[in-house]
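Peer 1: Here's the letter readout for the chains.
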Amino acid sequence: MNKRKEKKIETRKNILIVAERIFSERGFLAPSTADIAKAAEISHGSLFAHFQKRDDLIAAVLDETTLKIAKRLHELAERSPSLEEVLLAHLKGISEYENIYRWLVIEGPLLPDYARASTLGIQSAISKYILDAYERDHPEKNYLPGSFLFNSWLGLIHHYLINRDLFTTSDSVFKDKKEFLVNSFIRMIF
Amino acid sequence: MSKTCISCGMPMEKAESFAMGDVNKDYCVHCAREDGSMRSYDEALEGMTMFMMKTQGFEKVAATKAVKEMMAKLPAWKDRN
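Heads up: the sequence lines are chains A and L, in that order. Be aware that the first sequence starts at 0, since it is given in numbering that gives the first Met the number 0, and climbs by one per residue. Be aware that the second sequence starts at 0, since it is given in numbering that gives the first Met the number 0, and climbs by one per residue.
The hints are simulated quantities; they were obtained by calculation from the structure and are not laboratory data. Any given hint could be a false lead.
[Said to hold, decoys possible] Once the Cα atoms are required to be at most 30 Å apart in a straight line, the calculated BS3-like pairs of lysine-lysine come out as: (1) A:Lys91 - A:Lys52; (2) A:Lys52 - L:Lys13; (3) L:Lys77 - A:Lys4; (4) A:Lys7 - L:Lys59; (5) A:Lys6 - L:Lys59; (6) L:Lys2 - A:Lys4; (7) L:Lys59 - A:Lys12; (8) A:Lys174 - L:Lys67; (9) L:Lys67 - A:Lys176.
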């Protein structure tokens with residue numbers, strides 16, 4: 000591969016790393032492409048050569064990030080047989096990407112459709128593990144509809160996440176509160 | 000060894016996740032037909048949409064749209080049209 004092509008790939012990689020960091024701090028909608036070019040220490044024209052529209056940059060960052068999160072959730076949930084362990088795995092996995100995931104939750108409905116689809120990829124990754132564990136732990140047939148259980152769990156954790164400054168002084172509400180959330184939720188549904 | 004199903008994106012670790020239990024296949028057990036071949040785009044779209052509706056409670060149009068977007072990024076379907 001010639002040097003010019005190598006440099007182009009390197010620059011693109013660097014832009015994505017910087018963009019992910021900026022989006023984690025400020026969300027997807029507030030930063031401009033100029034902000035990102037500045038933080039990446041390249042000219043705006045150089046950024047434009049790789050990403051013609053801001054949406055393209057957001058899409059590229061989301062593709063990579065959501066893939067990483069989904070993969071990590073699979074990894075953790077796969078070795079978690081009980082519902083309690085799967086839910087803990089869910090919170091552990093998200094806590095490793097808590098800032099950017101939080102922005103996804105807050106701004107998701109405001110982003111273009113393709114962004115929505117990436118986020119749903121994360122939820123799809125974990126929902127099966129949660130529902131399978133729930134069915135295993137709750138063999139009698141009058142249990143809650145799976146999607147309701149899953150959406151209740153999501154609603155709960157997203158509420159704590161969006162408003163985390165109300166619930167914790169630490170950097171991560173999930174690191175701080177995961178046992179509490181999981182134990183209370185399980186007590187509530189069983 | 001860590002592969003991802005080219006049809007639905009599911010990670011495949013153990014042999015039982017692979018189609019026909021064959022670790023040389025690049026698609027998973029859920030995306031395989033009874034004869035072992037990989038299911039078509041329409042079959043995969045239908046299957047994944049139903050799954051999403053069941054696990055996440057979405058209505059059909061939204062679920063179909065989300066699955067289409069997801070599938071457009073997967074190796075098996077990327078170069079369609």
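Peer 1: Would you mind marking each hint as holding or not holding in the structure?
Peer 2: Hint check results:
1. A:Lys91 - A:Lys52: 34 Å, violated
2. A:Lys52 - L:Lys13: 41 Å, violated
3. L:Lys77 - A:Lys4: This hinted pair holds, its Cα atoms lying about 24 Å apart.
4. A:Lys7 - L:Lys59: Distance ~42 Å between A:Lys7 and L:Lys59 Cα, so the pair is violated.
5. A:Lys6 - L:Lys59: Roughly 45 Å between the alpha carbons, so the hint for A:Lys6 and L:Lys59 is violated.
6. L:Lys2 - A:Lys4: 28 Å, holds
7. L:Lys59 - A:Lys12: Roughly 37 Å between the alpha carbons, so the hint for L:Lys59 and A:Lys12 is violated.
8. A:Lys174 - L:Lys67: Violated, at roughly 34 Å.
9. L:Lys67 - A:Lys176: Violated, at roughly 36 Å.
In this structure, the hints that do not hold are numbers 1, 2, 4, 5, 7, 8 and 9, in rising order.
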